[in-house]
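With chain A held as given, fit chain B onto it using these hints.
Given next are the chains, with one letter for each unit.
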Amino acid sequence: MHEPSRRIPYRTWPGALAVLLAIAAYVGGLIFWDRHTPASRPLPEGDTVAVGQARFVPVDGWEMDVSRSRAGQSLMLFKGSHKFLVTVGQWAGGPDGPMLRQQRLMERGQGLSIEGDVSDFVTSWGLQGKTFAYYGSKLAGRFWQVVDLQRKSVVQVDAYGADDGLDEALEDARAMLDSMDLEAPQ
Amino acid sequence: MNQPIFEKDASPWPVGTDSFFQPRRAAFWVLAALIVNGLFYTLHLFFMGVRVVPVTALLGLVVWGVYTLVFVQVFRTLDLLEQHPPEAFVLAFAWGGMGAVYFSAPANIAIQSLCAKLVSPEFVAVWGPAVAGPITEEFLKLAGVVLLVLVARNQFQTYLSVLIVGAMTGLGFQVTENLVHTVNASMHFPLENQVAPVFINLLTRGLLSGLWSHAAYTTIASFGIAWFLLHPEKRLPVRIGVAFLCFALAWAMHFVWNSPFLEDLFDGGYGEMAVLLMVKGIPVLIAAGLFWRMAARENGTYLHALAAYFVPERELIQDDEWVRLGAPMQRYKVRAPAEDAAAARAAAAHPQGRHLRARRPDAAPRGGGAAAARAARTADRRAALSAAQPTTWIR
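These protein sequence lines map, in sequence, to chains A and B.
Its first residue numbered 1, the first sequence is counted upward by one per residue in the numbering used here.
Its first residue numbered 1, the second sequence is counted upward by one per residue in the numbering used here.
Bound-form chain A, shown alone (with noise of 0.2 Å):
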C-alpha cells in the first residue's frame, strides 16, 4: 500500500557494511583465487607455436602464461621474471606501422624510456623489422615489430624483464625470434 513518505530514523550502518563486505569478498576472492592458481603450460620441446600467422620455436625452459595469452591474437611465455610477448594484430597502413604510438604507450603511458635509436633488423628466414630497447626503474626489454604489408597485419614481439638475468632472456628471445616465420595456417 502506498504511503507518503515519511522521515523516519534508521541506521545504515548494517547494510553498508554487507554491501563493502559483499563487494570486498567478491573481488577479492577472485583476485585471491586467480594468484593461486598457477597459469604455467609446459611447451612440448622443439615443437613449434602458433599464435595468429606468426609461428616460431620455444627455447627450452619456457613456459607458456595460458592467463596473459589470447587465442589468435597474443601469446606469453615466461621463464623466471622474464616474459616473451608475442602479439598480432591487423596494420592497414604504412610500413613503419603503429611504432611512434608504440613508443608513445611506453614513454607516456608506462612510464619507459627507449634507449637509443630505432633500427632495422632481418631473421634467418627473412622477416624484416624495426626494434629498440627501453627499460624503467624495475625493467628492461627489448620490442621487435614486424610488419607484413600483403596481409595487412603486424607482429609485435615484447621481451622484457628483470636486469638480473636479462641478457640471457634476450639472447632466448633472439633464439624464438630467428625461428619465427608468418606462414602458420589460420
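Hints in this document: simulated from the structure, not taken from any laboratory.
One or more hints might be untrue.
The following label-pair restraints were derived from C-beta to C-beta distances [unchecked claim]:
| hint | chain 1 | residue 1 | chain 2 | residue 2 | range |
| --- | --- | --- | --- | --- | --- |
| 1 | A | Thr37 | B | Gly269 | 36 to 44 Å |
| 2 | A | Pro38 | B | His231 | 16 to 24 Å |
| 3 | B | Leu290 | A | Thr37 | 36 to 44 Å |
| 4 | A | Arg108 | B | Val256 | 48 to 56 Å |
| 5 | A | Arg108 | B | Phe40 | 12 to 20 Å |
| 6 | B | Leu203 | A | Lys152 | 15 to 23 Å |
| 7 | A | Glu183 | B | Asn193 | 23 to 31 Å |
| 8 | A | Arg6 | B | Pro312 | 34 to 42 Å |
| 9 | A | Gly46 | B | Leu118 | 24 to 32 Å |
Chain B is faced by these chain A residues, among others (derived, beta-carbon under 7 Å) [unchecked claim]:
| hint | residue |
| --- | --- |
| 10 | Arg6 |
| 11 | Ile8 |
| 12 | Leu43 |
| 13 | Ala50 |
| 14 | Ser67 |
Just so you know, even glycine gets a beta-carbon here, dropped at the ideal spot from N, CA and C.
Below, chain B without anything else, positioned relative to chain A:
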C-alpha cells in the same frame, strides 16, 4: 480512477523526504569514498589515454559526454528526472562510471584469467566476456543502487524512483566503459588515425548497442530491489526471490549479449553486424520497456494516492488532470506546447532573459522526493482558485 488510499496521521513521524547528502549515515560515506576512489582510477586511465592517443581521448570525452546528455534529455522528457533531486542522479551516474568500473576491471580480469587457466585460452577468446562481464558488472552496479537507497530510503516510494536510479547507474557504467574502450581501440587501431576509432565506437557501441546496454540491464535488475523495498508486507524469502529473479534476468540478457550466440549466421560487415545487434538487443529493450511500463503505472497509482491525500476534495482536481497524473505521455503532450508557449511569452516579455526556462504549468507532482511539498502547494493554489472561481472548477 483510484480512490484515496492513505490513512492520514497513521504514523507519528512527519511527512517529508531526506536529502541525498547524509553525512551522519554510514551508507553515504561508503558510497562517496568508493566513488572518489573510482574517480582517481578513471582519471588515471583517461590521462594515460590523453598522453598516448590525445585526439581520441579528448574527442571521445566530448562525444560520449554529448551522448550522455542525449540520454539525460530523454529521461527528462519522460518526466523521470522529477523522481529525485539532481544529486541522486549525479551519485548514481558517478557510482556506475567510477565506483563500479573500478571494481569490475580486476574482477573481470581475474575471471577471464581463471577461465584460461582452468579451461583454455581458446575458451576465453570466445566465452570470456560472457562469463566475466554480466555477473561482475550487474552485481557491482546494483550494489551502488542499494547504497543509494540506504542513503535516503524515503526518497524511494515507487518502482519508478528506483528504476531511474538504476538506469542512471547503468548509463554511467556504459559511458565510462565506452570511453575506455574507445581509447583502447585507438591504441590498437590498424591506422595512425585517432578520429576514426571514436566514430566507429560511437556507431557500434553507442548507436547500435546503446539502447539495450547497461542502462537497460540495470533497470531490470533494479526492479527487483524496488519490489523488495516496497513490499515489506511480503515474506522475506519471496522478496529476496523476486530481487534474485530480476537480477538473474538482467544477467541472462547481458550474458546472451556478450556471448557469441548467432554470430555464425552473420558475416563481419557493418550491415549484418547491425542486424545481429538488433536481433540480440531488441528483446532486452522490450523487457526493459515492460518494466518501465509497469513502474509508470504504479507511479500513476502513487500520484493519485498522493493527490488524494493532500487534496481530499476530489472536485478540486479536474478529471483530465487526474487522468494525466497516471499517464506520463499524456502529461508530456500537454506540457510540451504549454512550455513552448510560456517560453515564447517569457522571451517576449524579457528579451534578454531567454535563457531562463519557464517552469511548466501542468506538471505532475514529483513521484517521491518533493511530492509532499509540491502537492501541498498545489492544494493551496487550488483552494485559492476555487474560492475565486468556483463555477469553473467544481463539477
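Going through the hints against the structure:
1. A:Thr37 <-> B:Gly269: 36 to 44 Å: holds (39 Å)
2. A:Pro38 <-> B:His231: 16 to 24 Å: The hint (16 to 24 Å, Cβ to Cβ) is violated, given that proline 38 (chain A) and histidine 231 (chain B) are roughly 48 Å apart.
3. B:Leu290 <-> A:Thr37: 36 to 44 Å: With Cβ atoms ~41 Å apart, the hint holds.
4. A:Arg108 <-> B:Val256: 48 to 56 Å: Hint violated: Cβ distance 39 Å, outside 48 to 56 Å.
5. A:Arg108 <-> B:Phe40: 12 to 20 Å: About 19 Å separates the Cβ atoms of arginine 108 (chain A) and phenylalanine 40 (chain B), which means 12 to 20 Å holds.
6. B:Leu203 <-> A:Lys152: 15 to 23 Å: holds (22 Å)
7. A:Glu183 <-> B:Asn193: 23 to 31 Å: At roughly 29 Å between Cβ atoms, asparagine 193 (chain B) and glutamate 183 (chain A) fall inside 23 to 31 Å, so the hint holds.
8. A:Arg6 <-> B:Pro312: 34 to 42 Å: Distance hint for arginine 6 (chain A), proline 312 (chain B) is violated at roughly 18 Å.
9. A:Gly46 <-> B:Leu118: 24 to 32 Å: holds (28 Å)
10. Arg6: holds (4 Å)
11. Ile8: At about 5 Å, which falls below the 7 Å cut-off, the nearest Cβ of chain B leaves the hint on isoleucine 8 (chain A) intact, so it holds.
12. Leu43: violated (13 Å)
13. Ala50: Violated: closest Cβ of chain B sits about 12 Å from alanine 50 (chain A), beyond 7 Å.
14. Ser67: Check passed: Cβ of serine 67 (chain A) comes within 4 Å of chain B, closer than 7 Å.
Violation of the numbered hints given earlier is confined to hints 2, 4, 8, 12, 13; the remaining hints are satisfied by the structure.
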